[in-house]
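**Q** Chains as they are written, first to last, in this note's numbering: chain A, 1 to 119; chain B, 120 to 226.
Hints listed in this document are in silico derivations from the structure and should not be mistaken for laboratory results. All figures in this text were calculated on a predicted structure; none of them were measured in a lab. Here a beta-carbon is modelled for each residue, glycine too, at the ideal position from N, C-alpha and C. Worth double-checking, as some hints may not be accurate.
[As the list claims (entries may be wrong)] What follows is a list of derived Cβ distance ranges for each label pair:
| hint | chain 1 | residue 1 | chain 2 | residue 2 | range |
| --- | --- | --- | --- | --- | --- |
| 1 | A | 28 | B | 176 | 21 to 31 Å |
| 2 | A | 56 | B | 158 | 27 to 37 Å |
| 3 | A | 68 | B | 225 | 39 to 49 Å |
| 4 | A | 26 | B | 172 | 21 to 31 Å |
| 5 | B | 137 | A | 46 | 17 to 27 Å |
| 6 | B | 129 | A | 42 | 16 to 26 Å |
| 7 | B | 137 | A | 30 | 40 to 50 Å |
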Amino acid sequence: QIELQESGPGLIKPSETLSLTCTVSGDSIRGSNYYWGWLRQPPGMPLEWVGSVSSSGSTYYTPSLDSRLIISLDTSRNQFSLKLTSVSAADTAIYYCARVRGANWFDTWGQGTLVTVSS
Amino acid sequence: DIHMTQSPSTLSASVGDRVTITCRASQSVDRWVAWYQQKPGKAPKLLMHDASDVEGGVPSRFSGGGSGTQLTLTINSLQPDDFAIYYCQQYSSYPWTFGQGTKVDIK
Chain A
1 QIELQESGPG LIKPSETLSL TCTVSGDSIR GSNYYWGWLR QPPGMPLEWV GSVSSSGSTY
61 YTPSLDSRLI ISLDTSRNQF SLKLTSVSAA DTAIYYCARV RGANWFDTWG QGTLVTVSS
Chain B
120 DIHMTQSPST LSASVGDRVT ITCRASQSVD RWVAWYQQKP GKAPKLLMHD ASDVEGGVPS
180 RFSGGGSGTQ LTLTINSLQP DDFAIYYCQQ YSSYPWTFGQ GTKVDIK
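Okay, chain A solo, but in the shape it has when bound:
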């Protein structure tokens, strides 16, 4: 059974770079037919798609974050990661990693990790 687990800092200062990792178990991201994605949800707010990466490394980002965002794969560790530069309070959210089926919908989610941007 596939499981995803996010890891990263719970607190980060404004202007710093946020780095999160999603470790996948129970499935191999190498050569997979699935995409792998990141989403976020500010407390009490709706979900926002952040970006996705295919098993071949092609990336798709939401335009509002495109200039600050990098999503990448580490197939040797069966992980994928998110780097978001120049964070501000507006980036405070629960960040979820997810498996993306059909490149389109999110069929398996991590438990989420709360990231707070504050000095």
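Given the coordinates of chain A, work out where chain B should sit on it, guided by the hints.
**A** Chain B in isolation, oriented as in the chain A frame:
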């Protein structure tokens, strides 16, 4: 971006009720919509994709319909486990976008 608007924002219902949540898109999304259920403190759970293709393990009381700019999620005979927030998501065109959510609570 395609804007997804859900109605109602909050729905108060009783166990056994039939409830319908509507998701309206700012432009046609055909049937390229998924629905999720989210409970407090938990990650969302996929209920269905392609408007009406229900995931394995999801109770048969959940159904989806519609196409174009109006999609619906219906729960027949609401159960205590169904009180949650429901989100629609379009994947007709990037960026993928979600509705603002519909909270189903106990009347």
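**Q** Each hint: holds or not?
**A** Here's how the hints hold up against the structure:
| no. | hint | result |
| --- | --- | --- |
| 1 | A:28 <-> B:176: 21 to 31 Å | 23 Å, holds |
| 2 | A:56 <-> B:158: 27 to 37 Å | 35 Å, holds |
| 3 | A:68 <-> B:225: 39 to 49 Å | 41 Å, holds |
| 4 | A:26 <-> B:172: 21 to 31 Å | 23 Å, holds |
| 5 | B:137 <-> A:46: 17 to 27 Å | 25 Å, holds |
| 6 | B:129 <-> A:42: 16 to 26 Å | 19 Å, holds |
| 7 | B:137 <-> A:30: 40 to 50 Å | 45 Å, holds |
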